[in-house]
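Novice: Sequence:
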Amino acid sequence: MSEATPEATPKKRDRTHWLYLAVIVAVIAGILVGWLAPEAGQSVAPLGTIFVNLIKMMIAPVIFCTIVLGIGSIRTAATVGRVGGLAIGYFLVMSTFALAIGLVVGNLLAPGTGLNVGSSAKAGHDLANTAEKAGDTWKFITDIVPKTLFSSLTEGSVLQALFVAVLVGFALQAMGTPGEPILRAVALLQKLVFRVLVMILWLAPIGAFGAIANVVGKTGLDAVVKLGTLMIAFYLTCLVFVFGVLGVVLWSVSRVSVLKLVRYLAREYLLIVATSSSESALPRLIAKMEHMGVERTTVGVVVPTGYSFNLDGTAIYLTMASLFIAEAMGKPLNIGEQIGLLLFMIVASKGAAGVTGAGLATLAGGLQSHRPELLDGVGLIVGIDRFMSEARALTNFSGNAVATVLIGTWTKTIDNDRVKEVLNRKLPFDEQTMVDNDHGAQPQHEPDTKDLVPA
Numbered sequence: 001m002s003e004a005t006p007e008a009t010p011k012k013r014d015r016t017h018w019l020y021l022a023v024i025v026a027v028i029a030g031i032l033v034g035w036l037a038p039e040a041g042q043s044v045a046p047l048g049t050i051f052v053n054l055i056k057m058m059i060a061p062v063i064f065c066t067i068v069l070g071i072g073s074i075r076t077a078a079t080v081g082r083v084g085g086l087a088i089g090y091f092l093v094m095s096t097f098a099l100a101i102g103l104v105v106g107n108l109l110a111p112g113t114g115l116n117v118g119s120s121a122k123a124g125h126d127l128a129n130t131a132e133k134a135g136d137t138w139k140f141i142t143d144i145v146p147k148t149l150f151s152s153l154t155e156g157s158v159l160q161a162l163f164v165a166v167l168v169g170f171a172l173q174a175m176g177t178p179g180e181p182i183l184r185a186v187a188l189l190q191k192l193v194f195r196v197l198v199m200i201l202w203l204a205p206i207g208a209f210g211a212i213a214n215v216v217g218k219t220g221l222d223a224v225v226k227l228g229t230l231m232i233a234f235y236l237t238c239l240v241f242v243f244g245v246l247g248v249v250l251w252s253v254s255r256v257s258v259l260k261l262v263r264y265l266a267r268e269y270l271l272i273v274a275t276s277s278s279e280s281a282l283p284r285l286i287a288k289m290e291h292m293g294v295e296r297t298t299v300g301v302v303v304p305t306g307y308s309f310n311l312d313g314t315a316i317y318l319t320m321a322s323l324f325i326a327e328a329m330g331k332p333l334n335i336g337e338q339i340g341l342l343l344f345m346i347v348a349s350k351g352a353a354g355v356t357g358a359g360l361a362t363l364a365g366g367l368q369s370h371r372p373e374l375l376d377g378v379g380l381i382v383g384i385d386r387f388m389s390e391a392r393a394l395t396n397f398s399g400n401a402v403a404t405v406l407i408g409t410w411t412k413t414i415d416n417d418r419v420k421e422v423l424n425r426k427l428p429f430d431e432q433t434m435v436d437n438d439h440g441a442q443p444q445h446e447p448d449t450k451d452l453v454p455a
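Residue numbering for the sequence shown follows UniProt numbering, beginning at 1 and increasing consecutively.
Honestly, the hints are just simulated from the structure, not real lab data. Heads up, some of the hints might be wrong.
[Stated by the list, open to error] Restricting the straight-line Cα-Cα distance to at most 16 Å, the calculated cross-link-like pairs of lysine to aspartate or glutamate (EDC-like) are:
#	residue 1	residue 2
1	LYS260	GLU155
2	LYS426	ASP415
3	LYS331	GLU373
4	LYS218	ASP417
5	LYS260	ASP143
6	LYS191	GLU39
7	LYS56	ASP417
8	LYS56	GLU155
9	LYS191	GLU431
A quick note: this is a predicted structure, and the numbers were derived from the prediction, not measured.
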């Protein structure tokens with residue numbers, strides 16, 4: 001009887017497979033509705049907003065549980081510090097590479113040359129004001145500390161949840177044996193959180209339909225056609241960065257194929273395309289990286305930190321968008337101005353990390369600070385920013401996935417044999433629970449034991 005239980009799991013996975021096929025159908029339907037009936041498309045915008053908000057609602061609990069369990073379960077505090085230090089250093093290096101690639105492609109293609117800029121001052125100034133609301137870098141650092149212990153889990157700040165979770169994890173680590181009951185309670189809470197998340201993901205087709213129908217209804221297909229060169233160039237640049245730069249580094253350091261890693265995370269990519277937000281896939285990335293064999297501590301530190309600091313796609317976007325606007329307005333930037341402006345933007349992007357449309361807002365804020373006469377040109381790309389945000393989100397997500405594997409390799413907190421088994425589809429991810437027991441140390445025997453107890 002116990003042998004029948006493991007065979008039931010694949011059937012549940014097949015059911016989730018239909019869910020993601022439904023997302024594809026919903027995206028296509030949303031495009032058609034937005035194109036053929038723009039007003040109807042815009043009217044269903046709240047469906048996409050509600051779905052993304054549901055996902056964001058779960059991010060703080062997922063991060064809290066993951067980090068508390070990771071840090072609280074180990075006895076060496078230095079491990080967490082080493083992981084965090086390596087992660088920050090790696091993020092800075094990769095951001096530099098992303099900037100460089102964006103500069104090269106933007107200067108070679110010059111997609112904005114010859115365009116006539118219309119009156120769009122309001123759009124630029126409004127976006128600059130949005131960026132100002134996010135504050136400067138010091139405000140960003142100050143806001144990491146929450147007002148209360150529990151507000152870190154209710155205000156929607158990823159870094160506040162990360163900060164409090166690290167404190168609680170170290171506190172439980174220092175408590176030793178008396179803290180074990182609390183760790184077990186957090187482990188149960190994590191399973192509950194992931195179960196709720198699985199329920200929410202069944203609404204993905206509805207959310208995807210609302211989001212896509214709205215953006216197509218607002219911009220129409222003309223916006224994509226007029227600025228197609230910029231979009232194609234940006235997408236190709238992101239592909240080169242992910243499969244070229246990140247792929248080479250991943251294989252050189254960890255001997256892991258980026259193609260297999262992308263295949264493993266295919267459903268997360270589809271979710272990001274549907275919502276244009278990498279945050280929608282953050283909880284699943286945490287779960288999948290743990291399942292793949294990266295220790296919970298490493299995942300808990302690298303992934304949430306990367307979502308605020310490792311913005312490779314945003315770096316490429318800021319580079320190419322700035323060059324595009326300058327060329328379109330007939331005021332191109334020289335090399336010195338490009339480097340100064342874009343380095344400023346990378347720093348400023350940390351302050352806008354929690355703002356909706358952070359990429360566009362940071363672009364406007366940076367132009368206003370360095371080249372105010374170019375601010376009006378931001379209105380050029382407002383119409384297609386949503387489409388470009390998908391490539392930004394996909395690239396940011398890919399960078400964080402690769403970073404987790406790399407940091408795990410450098411800190412020796414990854415099970416290489418398990419990585420191979422998972423990426424070769426020998427150990428499928430459990431779509432129903434999204435939680436492994438001890439990274440699958442004894443995954444096939446524990447369910448049998450539990451099944452025998454009730455009997």
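Novice: Taking the earlier hints as the rules, which of them does this structure contradict?
Specialist: 1, 4, 5, 6 and 7
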